[in-house]
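Novice: As a plain string of letters, each chain reads:
4 protein chains.
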Amino acid sequence: MNNPLHNELKKEFQLERMILFSDAVFAIAITLLVIELKIPEISLNELTDHKLFESLVELLPRIIGFLVSFFLIGLYWTIHHRIFGFVVNYDQKLLWLNLFFLLAVVLMPFSSGFYSAYIFKLLKAPLIIYVTNVCFLSLMNMLLWRYISNPKHKLSEGIQPEFAQYFLTRAGIVTVGFFCMGLVYLFAPKFGVFVPLMIPVLMIIAKRRFILSSKQAQSV
Amino acid sequence: MNNPLHNELKKEFQLERMILFSDAVFAIAITLLVIELKIPEISLNELTDHKLFESLVELLPRIIGFLVSFFLIGLYWTIHHRIFGFVVNYDQKLLWLNLFFLLAVVLMPFSSGFYSAYIFKLLKAPLIIYVTNVCFLSLMNMLLWRYISNPKHKLSEGIQPEFAQYFLTRAGIVTVGFFCMGLVYLFAPKFGVFVPLMIPVLMIIAKRRFILSSKQAQSV
Amino acid sequence: MNNPLHNELKKEFQLERMILFSDAVFAIAITLLVIELKIPEISLNELTDHKLFESLVELLPRIIGFLVSFFLIGLYWTIHHRIFGFVVNYDQKLLWLNLFFLLAVVLMPFSSGFYSAYIFKLLKAPLIIYVTNVCFLSLMNMLLWRYISNPKHKLSEGIQPEFAQYFLTRAGIVTVGFFCMGLVYLFAPKFGVFVPLMIPVLMIIAKRRFILSSKQAQSV
Amino acid sequence: MNNPLHNELKKEFQLERMILFSDAVFAIAITLLVIELKIPEISLNELTDHKLFESLVELLPRIIGFLVSFFLIGLYWTIHHRIFGFVVNYDQKLLWLNLFFLLAVVLMPFSSGFYSAYIFKLLKAPLIIYVTNVCFLSLMNMLLWRYISNPKHKLSEGIQPEFAQYFLTRAGIVTVGFFCMGLVYLFAPKFGVFVPLMIPVLMIIAKRRFILSSKQAQSV
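Chains as they are written, first to last, in my numbering: chain Y, 1 to 220; chain U, 1 to 220; chain A, 1 to 220; chain P, 1 to 220.
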């Protein structure tokens, strides 16, 4: 503990380690998705192109589920990448908040696989599982950001208060939006699927308010 | 070997390589757990919400097992993260001690899967497998820390002797606690499950002694 | 945001993070391939060397498929490694282009597994799936390179315009070559398999033109 | 290409990228091994401790195979770690030699799984597969080391010629030793298994010669 420069580098590596560990979890979760795309097994006697195309059509819901999950995990990876671009320090609570966030990521292959396997009927179980997972992921994203952007914890650098608020609002809109979708779906499935459409509308309103507040902050 | 600064950087990278390799193993072990959560297969003719919820209830022990293992591996990752925050050098023995530690981590998905599949009866085999794995993990943690914190090996920096002792005691309490649990369980299963409750009690005692000894060290 | 050196280092780490995340995806995709090589299960009563060698012969198409995919993913890893050797900055669009590129990589185990399982007959479905995947991978490689090498985006350093053009042409040849192969195969399967042979011929022509244009650029 | 310090850092990162990619492949291969340890499935009606212990005994050859492969991959990771501790540069050929080395690593879970599933009879197929894999791994290790330690290629720093020769001899002994084992096993299985015992004997002889030649080099 006698060399301050060395300690600074060590602290930075410890932070990088947490981030690269998260990346590895993201990378595995996003690649494991492909395991659900099982190669159709057809006995050699009745193997024809027609049979193979039929088996691919049967695989279609899983392929769609794969793509949706790939981009959802990819999206949250870019968000994680963006958030941690501000982080300059860490503490035990951040390690654990991050682990809970990763838990939600790791569960995505299961819940989206479950959802895409039974997507074609208006069933409740698959959608509830899936929406719960997305809500949990979005909620952890919110808590992580609130903890990091709070200047009291001295974990981040260069976050303007208006931006912190804007980012928090966005995460909140996703969480609440999917939560409402789940609730409505339970009682009126046909309406539930339209609830997420309100998310982009709210996002635009939040963006306008952010641009306004940034301008006010700059003019002051 | 002519440039001392370059060699210093190379040594540091070699150490980082060992740590990032460990992180990758942790990340894969923690993400592979989700593979055990197999999506229930129900034929389309008898597919109802009732059937799906039933299949989820059947999956419940596996979900609990998944969560327990996720947090156990997550916990040991934070411990590994903390321990290696002190390390500034490496040798062949450290590489191998670390590999044995990782062996215990890699076995967790198997032993916790085994345990959670047969948790509901007071059977001996699943618990013994699980307790053996946790004991082994905790023991390797102890040996790793003892080797790293020993000033003779010149592997670490900034560890105060009282802290080294305290951390060693904590790891020892977990090892012995789970070992006793296994022993008691063999002869009196109903009592065995309560043995781990003594771990937090002993932890508090160890913490008090540590605070006391730190104060004495500071006053000297 | 007050320390410019710190911000520069942070930006560099953010870039490295994207690259190491890509590496993890490559590494998992290349290693997951081996899961398709299932160990043949033979009941102990009829277990003989003859039976085992027979089962290995049956596994042969999968082994060939494994090797082809291993080297394809390996090849694209070296290309990714080479491309990002020029990159010094990132933006949101680069993150997403890279994610689409990784999507094509992640799909390789599926499409090559599908292809190698049904390689022995002149069927259309497996080849179309496989060719589509390779075209998609090659196309993303092209788009990624075009975006990175464009000096307007200020993402790269040290790319000479002739080299940028040459690399783009190469990626284009692979994309178009495999696309033509797929088209010809649909109508005349026996000819289709020879179409990729034109790729190395076009590559040599592209290389000559590149050497010529580099000389002209140097003499100016 | 105007900033030499920046280019030096970039080159170093490109080298680190190759190494960390290798680590990820090692980490996945070593962790995937545990997937072969399938949790025994016993119907709940006949579930007893006796049944479970029996199923664990049946799993024993796989557990042994898992441990052997874990330590073999772990051993080659430490060798890779040691070799690349000398490397200061890279070229395309090194990337590809390393990829071939990783191919041998990635195949280990398959060949050792195959071997450990049918270990108990004096069958030829499993052992030949396994020995071929170990020979291939050891041979690639040899070629990698010969390429890196050759001063002409300017890839490494600080390797004394005697040490380069010694390390090459060691890798050669392992390659030839396992190759002979395979050959002898084909014609006289009962003798074949004793051939690897000559490896440690030859290792000791190689070590003595290395110590001798180092002393001579120092005295000159």
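Derived from the structure by calculation, the hints contain no laboratory data. Don't take every hint at face value.
[Claimed, not checked] Here are the simulated lysine to any residue pairs, SDA-like style, with alpha carbons at most 25 Å apart:
{"id": "1", "chain 1": "A", "residue 1": "K38", "chain 2": "P", "residue 2": "L15"}
{"id": "2", "chain 1": "P", "residue 1": "K124", "chain 2": "A", "residue 2": "L59"}
{"id": "3", "chain 1": "Y", "residue 1": "K10", "chain 2": "P", "residue 2": "K124"}
{"id": "4", "chain 1": "Y", "residue 1": "K10", "chain 2": "U", "residue 2": "I79"}
{"id": "5", "chain 1": "A", "residue 1": "K190", "chain 2": "Y", "residue 2": "K38"}
{"id": "6", "chain 1": "A", "residue 1": "K152", "chain 2": "A", "residue 2": "V68"}
{"id": "7", "chain 1": "A", "residue 1": "K93", "chain 2": "A", "residue 2": "H50"}
{"id": "8", "chain 1": "U", "residue 1": "K154", "chain 2": "U", "residue 2": "L15"}
{"id": "9", "chain 1": "Y", "residue 1": "K38", "chain 2": "Y", "residue 2": "T48"}
{"id": "10", "chain 1": "Y", "residue 1": "K38", "chain 2": "U", "residue 2": "I63"}
{"id": "11", "chain 1": "A", "residue 1": "K93", "chain 2": "Y", "residue 2": "T78"}
Here the structure is a predicted model, which means the values were calculated and not measured.
Novice: State for each hint whether it applies.
Specialist: Results for each hint:
Taking the CA atoms of K38/A and L15/P, the gap is about 34 Å. The hint is violated against a cut of 25 Å. At roughly 17 Å between alpha-carbon atoms, K124/P and L59/A fall within 25 Å of each other, so this suggested pair holds. For the proposed pair K10/Y and K124/P, the alpha carbon gap of about 52 Å is over 25 Å, so the pair is violated. Pair hint K10/Y plus I79/U holds up; C-alpha atoms about 16 Å apart against a cutoff of 25 Å.
Distance hint between K190/A and K38/Y is unfulfilled; the C-alpha atoms sit about 29 Å from each other, more than 25 Å. For the proposed pair K152/A and V68/A, the alpha carbon gap of about 37 Å is over 25 Å, so the pair is violated. A hinted pair counts as satisfied when its Cα atoms are at most 25 Å apart, and K93/A with H50/A does not qualify at roughly 56 Å. Restraint check for K154/U and L15/U: the C-alpha separation of about 14 Å stays at or below 25 Å, so the hint holds.
For the hint linking K38/Y to T48/Y, the alpha-carbon distance of about 18 Å falls within 25 Å, and the restraint holds. Taking the CA atoms of K38/Y and I63/U, the gap is near 23 Å; set against the 25 Å cutoff, the hint holds. For the given pair, K93/A sits about 11 Å from T78/Y by alpha-carbon distance, which is consistent with the 25 Å threshold.
Against the hints set out earlier in the document, violations occur for numbers 1, 3, 5, 6 and 7.
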